[in-house]
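Chain by chain, the residues run as shown.
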Amino acid sequence: MPTIRIDNKTIDVPPGGTILDGARRLGIDVPTLCFLDGLTPSTSCLACMVKLRGEGRLVPSCATTAVDGMDVESETDEVHRVRRAALQLLLSDHLGDCLAPCQRTCPAGMDIPLMLRQIADGRPAEAIVTVKRDIALPAVLGRVCPAPCEKGCRRAKADAAVAIRELKRHVADVDLALENPYQPECRPASGKRVAILGAGPTGLAAAWHLARQGHAAMLLDRNAIAGGRLRTEFTPDDLPQAVLDAEIGLILRLGAELRPNTAIDDSTVFDDLRKRFDAVLVACGAAAKEQAGRWGLAVAERGVRVDRGTFQTGLPGVFAAGGAIRGKCLVVRSVADGKEAAVAIDRFLMGRPPEAEHPFSVRIKHVTAAALATMLATASGASRREPDAGFGPWTLAEAAGEAARCLHCDCRDQEGCKLRRYAAAYRADASRYGSADREFREVRAASGVVYEPGKCIDCGLCIQIAARSTDSLGLTFVGRGFDVRVGVPFDRSLDEALGELAAECVEACPTGALCFVERSDQESARRPP
Amino acid sequence: MSESNPTTNPLDLSFVDQVVEAQGRRPEAVIPILQAIQAHWRYLPPEALERVCALTEITPAAITGVSTFYMQFRHRPVGRHIIHVCHGTACHVKGAALIHEALARRLRLADGKDTDAEGLFTVEKVACLGCCTLAPVVQIDGVTYGRLTPTTVPEAIDDFLRRRDAPARETRRPVVFDGEPVGEIRIGLGSCCVAQGSGKVREAIDRVLAETRAAAVVKRVGCVGMCHQTPLVEIVSASGTSKLYAKVTPESVAPVVLKHFRPRGLARRLGYRAVGWLDRLLTDEPGNPVVRHAIDPREGPVCAFLGPQRHLATEYCGRLDPTDLDEYLRHDGFKALQRSLEYSPQQIIDEVEASGLRGRGGAGFPTAKKWAAVREAPGEPKYIVCNGDEGDPGAFMDRMLLESFPYRIIEGMAIAARAVGAEEGVFYIRAEYPLAVERITEAMRECEKRGLLGDSVMGQPGRLRLSLKQGAGAFVCGEETALLASIEGRRGMPRLRPPYPAQNGLGGKPTLVNNVETYALLPWIFRHGAGQFAALGTAKSKGTKVFALAGKVRRGGLIEVPMGVTVRQIVDEIGGGVAEGRRFKAVQVGGPSGGCVPAELADTTVDYEALSEVGAIMGSGGLVVLDDSDCMVDIARYFLEFTQDQSCGKCTFCRIGTRRMLDILARICEGRGKSGDLGELEELAVMVKAGSICGLGKTAPNPVLSTLRYFREEYEAHLAGRCPAGRCKALVRYRITDDCIGCTLCAQRCPVDAISMTPYVQHRIDLDKCTRCDTCRQVCPADAVIVESEQVARP
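Residue numbers (my numbering), protein chains in the order written: chain A, 1 to 529; chain B, 1 to 795.
Treat each hint with caution, since some may be false.
Unchecked claim - In silico lysine-lysine, DSS-like type, Cα no more than 25 Å apart, as pairs:
{"#": "1", "chain 1": "A", "residue 1": "51", "chain 2": "B", "residue 2": "689"}
{"#": "2", "chain 1": "A", "residue 1": "289", "chain 2": "A", "residue 2": "275"}
{"#": "3", "chain 1": "B", "residue 1": "200", "chain 2": "B", "residue 2": "219"}
{"#": "4", "chain 1": "B", "residue 1": "219", "chain 2": "B", "residue 2": "247"}
{"#": "5", "chain 1": "A", "residue 1": "289", "chain 2": "A", "residue 2": "328"}
{"#": "6", "chain 1": "B", "residue 1": "729", "chain 2": "B", "residue 2": "113"}
{"#": "7", "chain 1": "A", "residue 1": "365", "chain 2": "B", "residue 2": "674"}
{"#": "8", "chain 1": "B", "residue 1": "698", "chain 2": "B", "residue 2": "540"}
{"#": "9", "chain 1": "B", "residue 1": "540", "chain 2": "A", "residue 2": "51"}
What the hints assert, rightly or not - What follows is a set of in silico ranges between Cβ atoms, one per label pair, in the way DEER data are often shown:
{"#": "10", "chain 1": "B", "residue 1": "468", "chain 2": "A", "residue 2": "443", "range": "51 to 61 Å"}
{"#": "11", "chain 1": "A", "residue 1": "443", "chain 2": "B", "residue 2": "39", "range": "31 to 41 Å"}
{"#": "12", "chain 1": "B", "residue 1": "579", "chain 2": "A", "residue 2": "5", "range": "55 to 65 Å"}
Claimed, not checked - Computed far set for chain A versus chain B, every beta-carbon distance over 12 Å:
{"#": "13", "residue": "25"}
{"#": "14", "residue": "36"}
{"#": "15", "residue": "216"}
{"#": "16", "residue": "234"}
{"#": "17", "residue": "237"}
{"#": "18", "residue": "257"}
{"#": "19", "residue": "258"}
{"#": "20", "residue": "375"}
{"#": "21", "residue": "393"}
{"#": "22", "residue": "416"}
{"#": "23", "residue": "437"}
{"#": "24", "residue": "458"}
{"#": "25", "residue": "474"}
These are calculated hints, taken from the structure and not from any lab test. The model shown is predicted, which means the values in this text are computed figures rather than measured ones. Beta carbons: idealized from backbone N, C-alpha and C, even for Gly.
Full structure from sequences and hints, please.
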């Protein structure tokens, strides 16, 4: 049994085993995209590169047989640079959107396509769960948000954007009308306490998310009631009091505490807060800039100075977000900040390193007319439904009809995609080497498999698997070099190619190139609520 | 996919049945079957491919994968005649792109189409036709037209159509002699010689001999190497004296022949004298026109060209009939094999080791070490393969060796086979080399017929059977694992080594893969002894190396020099330097895997280590000389475009990395470069080199890295919007100076009407219309058209 060293750790590898086998035994997560146990390594993706110390050579660990005495580097800067380059090169030729453009343009990063599918399928109870993962005040935002998501909506290139904001409002209103509106389950109490200065949109959102994480959040506001600028910037026609009160009520009911008529004007009170609470979040809007000096916080051009990734101010344990750091901003930005600050505070409280988490996504840069036609083929052809003034809210069926206009630009394999997973882990820059300039194509099989050649990374796993079938045609590489693509012999159908091995091929595909059209099975796996 | 024409009948697929009958039903027969089908229909009709799958073990996936991998195969019907435009290095630097454009104009090809509206011609780009000294070259259905310019392209097409329509010539009649002493007329008939007109000269010689009944035999010989002098005729008189005639034309054949051989019969003699006298009178040429063509090997340029050369692999070049086995035997042929039969396999390997021979395919791996590995590897049977898949643009050494010395290569293979214990050998030769395929096939047959090979080797126990597989247009198949995949009928994708073919080759058995030239050197080594071979060359690089010398050099050709000569000796002494008025800038060594040796490092010696130290490689032996009119950024882009196009597409770094490098180079050449581009390019180059699995990817960045190393200022000039050499179209403009005489020639020839017809007035070029095709500059009788590259304003 050969013994090798990886990153200075010694490991025995079974005879005939590879460096990758050794790395796995050591618990090292070496990225592999084109490799699958039981199949011949194709050494195509080269994301699993390691360095042989003696020879100074880089080799793919998946196909390099371990030889006794080998000295290997895996988790070093040099090796990581090469792996990152491989991932970035693959990304530069990977045509697709991990996240739909609407989700990417939403400041709160809400999973809009999932919400739309849930509405279209008549599952409003699931839709509100999706919405509230990211947005604490959906009924409010459903009325006052200028809907940047709709500017991102690809459907707008064909006729008009999906009425996303209106649908979000629909979901929230339907929920609020229930006897028991949706309240998420909260994590067990952590015993940590967070003071939030200001019960405007930022503070309320932060309180909601902190409560979900099991922390005791206390909202301190100089006014008699919570709501902050939501009470002053909008007319009751635009934002009825009742709606605002209802959503604030849900937040407080989830566990956040409100201290109205509480002004923190001098430094001793502020310092006292810092002592009594495990963390403080400054969320009192644009006014914070004037107060900051008194509290010992540095200011930047627009507001309190923070690290933009972690919302931390110069004072340990003190965070700031929303209008407090930005001066003026959209309500949805405040709500998003509240969520992100809550995540950052949670990390701080739980002793995890501060880290800005931005979901990784590639994107389709240019959508040609032909590509758009392909995307439209499976969506509802109806034109955009506007709210009918005076006719009351949409029925579930009307909402479903509008939601069915969605093109579902988001990737079916968001969570399973190994390319995305490792790209995020290696902090790959998706456009480091440019963006894919292929034509979007989609091949749908009667069996429910959908093949997107643009997302294929030419790993060849499906070809190897399909070759095992005795009664189907199999797959092959067609062409060569940069333009090589997986295809079906004689231009026959995907069903004829895959036969009974379709599910196995979909399972093996490291990206969303081969998927089942039906997404429902996979969506429960998307981010936990 | 199918383009079935409703007016034509369904294909008669019985031809497919015959092909399968001849080639067999095994998966490895797929490439020969596809080649036969394409030869028949000129493309691959889908119904024919389905028929193949129905008849054989070849699967639809395999036939689709293979037929779309190799460039040779076409899936759409083509025009009646195929025009191959060579984009090899030499052709590139001599304006292949302009030739391609001129063809498209002449044939009125619609944008993006490769076939004309009448379906008469299809234009295809080919990597290299291996006629580098005739650059730029196009080949129309096997007829080669060399030294073209955009203005002569239409003439070439017209010439082709005339030939096609002309009635077939009468076949040659054998000439019968009656006892008089006989002299010999030798004419080189390698494919590039034929391209240069040697075929027509040979026809003229036959005609003259038939008419005069002069006492001479015509002998076809292999490559002489002096491509710059072709068509080259050597006349060896009955007494044995020899005279060389260079650049012979069909018209000059009669006087040359008659100078040495007397016509028989008084009437003929008189007739010919009269003709000669008339000729002189009409052409007003002083003296005997024959003298003009005669060259003496001991004098002047020929002497310089041959001087530093040592002919080992090319021994007796220009003197042997390539497929005449008896003649080869008379010139010590198979004596080396005879001797090696007296040795034990280990002694053979020891002898090769003592010679210091290293693989001539490019990387220079010690030959004896490779042989020992194959010999010691467990597994039977063992195979031996001759790698004749020379695909580098700018290289044609292996083609010349295969065409000219087939027996020598077979002899070398037989020695190697004995050393490693192989009883079966395969020649893998690219399909673009039909003459090489033909001559090797004939030579193999002859050897078997005479009992030199086959069930016994020269009558000794032990067998050796040789066969030949043709490549199908994939440069990457020069990589040994890809080559083996191709022999086995698969897509030519390299795989990770180890295991090496020495352990795991054809059919998983130990396999020796050596290059053509390596085998060609063995007979010399075994006849003269390892010591004599090792006495040539440098400490680590022994013996000689064959190079294809081309580009901007006066005397291009096929040369064999001892290791250790300097690049400068090759360029100046052998090649005669660059053209007058031009400055020698660099030599590109090793083609797309190699790099540039700049003029200031021209004293670098030809030696594996010395070349790699300066950032080049020995490579297989392409030497393209560049002068000050060549843009180094364009050269880097050219090579990368080639390797990028030839990538098999397996590894990320090669498939996508080379493409991204090319994106950057292309925008630099087009004047759209960004300030960080050079750093980006360099970084990517290093990644691709480090991260690729096979030799193609690992060396693809070399031309970029080497030009960045020596000519960085040229890259920077491009970033600033200027191409110092005036090559990059987007960065140059054409201008007509005061020297213009107003002759309107440029206006008449301009393909895009960018010059207005203004007789006797200085012409002007409309730069918005101008496509930089260079025609005006070439036709201007007053040299009034100049190319400028000033700081071009950026959009």
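Hints, verified against the model:
1. 51/A to 689/B: holds, 14 Å
2. 289/A to 275/A: Holds, because 22 Å separates the two Cα atoms, which is no more than 25 Å.
3. 200/B to 219/B: The hint holds at about 15 Å.
4. 219/B to 247/B: holds, 18 Å
5. 289/A to 328/A: Holds. Residue 289/A to residue 328/A sits at ~11 Å (cutoff 25 Å).
6. 729/B to 113/B: holds, 22 Å
7. 365/A to 674/B: Cα-Cα ~20 Å, so holds.
8. 698/B to 540/B: Measuring from Cα to Cα gives roughly 23 Å; hence the hint holds.
9. 540/B to 51/A: Roughly 29 Å separates the two Cα atoms, so the pair is violated.
10. 468/B to 443/A: 51 to 61 Å: At roughly 41 Å between Cβ atoms, residue 443/A and residue 468/B fall outside 51 to 61 Å, so the hint is violated.
11. 443/A to 39/B: 31 to 41 Å: For residue 443/A and residue 39/B the Cβ distance comes to about 34 Å; the hint holds.
12. 579/B to 5/A: 55 to 65 Å: holds, 60 Å
13. 25: holds, 22 Å
14. 36: Holds, since 16 Å exceeds 12 Å.
15. 216: Holds, because the least Cβ-Cβ distance between residue 216/A and chain B comes to about 50 Å, which exceeds 12 Å.
16. 234: holds, 46 Å
17. 237: holds, 51 Å
18. 257: At roughly 53 Å from the nearest Cβ of chain B, residue 257/A sits farther out than 12 Å, so the non-interface label holds.
19. 258: Fine: 53 Å to the nearest Cβ keeps residue 258/A off the interface.
20. 375: holds, 25 Å
21. 393: Non-interface label on residue 393/A holds, nearest chain B Cβ at 50 Å vs cutoff 12 Å.
22. 416: Holds, since 20 Å exceeds 12 Å.
23. 437: With a cut-off of 12 Å, residue 437/A comes too close to chain B, as the shortest Cβ separation is near 10 Å.
24. 458: violated, 7 Å
25. 474: violated, 4 Å
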